[in-house]
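Between the sequences and the hints, there should be enough to build the whole structure, so can you do that?
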Amino acid sequence: MTSALYEIETSEGDDGAMHPAEQLWTPCADGTADHGFIAHQDLFVAGIDGGADDDLYPVGFLVLGHQRWADIIEAAAAYMARTHGWRNLHLYPGDDPAVLIPRIPRAVHTHGVFLRHPHPDHGCGCEWDETWRMVWAPSTEPGAVPITAMRHPAAPVTTAVIPNPDEGAPAIWAA
1 MTSALYEIET SEGDDGAMHP AEQLWTPCAD GTADHGFIAH QDLFVAGIDG GADDDLYPVG
61 FLVLGHQRWA DIIEAAAAYM ARTHGWRNLH LYPGDDPAVL IPRIPRAVHT HGVFLRHPHP
121 DHGCGCEWDE TWRMVWAPST EPGAVPITAM RHPAAPVTTA VIPNPDEGAP AIWAA
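Our numbering numbers the first residue of the sequence shown as 1 and each following residue consecutively.
These are calculated hints, taken from the structure and not from any lab test.
Every value quoted in this text rests on a predicted model; they were computed, and no experiment measured them.
A portion of the hints provided could be inaccurate.
Just the calculated beta-carbon pair ranges, DEER-fashion [stated by the list, open to error]: (1) 83 / 158: 21 to 29 Å; (2) 36 / 166: 25 to 33 Å; (3) 36 / 159: 17 to 25 Å.
Backbone N, C-alpha and C fix where the C-beta goes; we use that ideal spot for every residue, glycine too.
Next up, the structure:
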């Protein structure tokens, strides 16, 4: 996942026609489980990593649609229980329970685009080849879907690059 805003890239085919360099995925209930989401009380939630190769656990969560902050906390806890067998959202396994964990971070309403690189008909052979990822996008970007995102409480602020409305990001704080 990247923190930069997304812009659809195209490439010119052999016939001179422009083609999207990546394929967009539009979330729907039938395909969410195949892409890492779990369903919890009609919400679709997934864990997101910080991009480091050693991330064992998610540093944040995203829920499809603009949801209430309390609902994303519950969905994140359900994701951790179902995916990792955790009963506690606050600590990573092996963390010292005596260490103070700050309050659960605020959730934000923003937008994202889900991409498969490259577009299946136009391969390029780069490091992103055949991978899916989500990037933050303005709401006006074609394929952008509403997302509620929240950092994991135990993750350092810098690891989960979630848009921050206080810094001018295209997002608002969830109620």
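Verification of the hints:
{"no.": "1", "hint": "83 / 158: 21 to 29 Å", "in the structure": "holds (23 Å)"}
{"no.": "2", "hint": "36 / 166: 25 to 33 Å", "in the structure": "holds (29 Å)"}
{"no.": "3", "hint": "36 / 159: 17 to 25 Å", "in the structure": "holds (18 Å)"}
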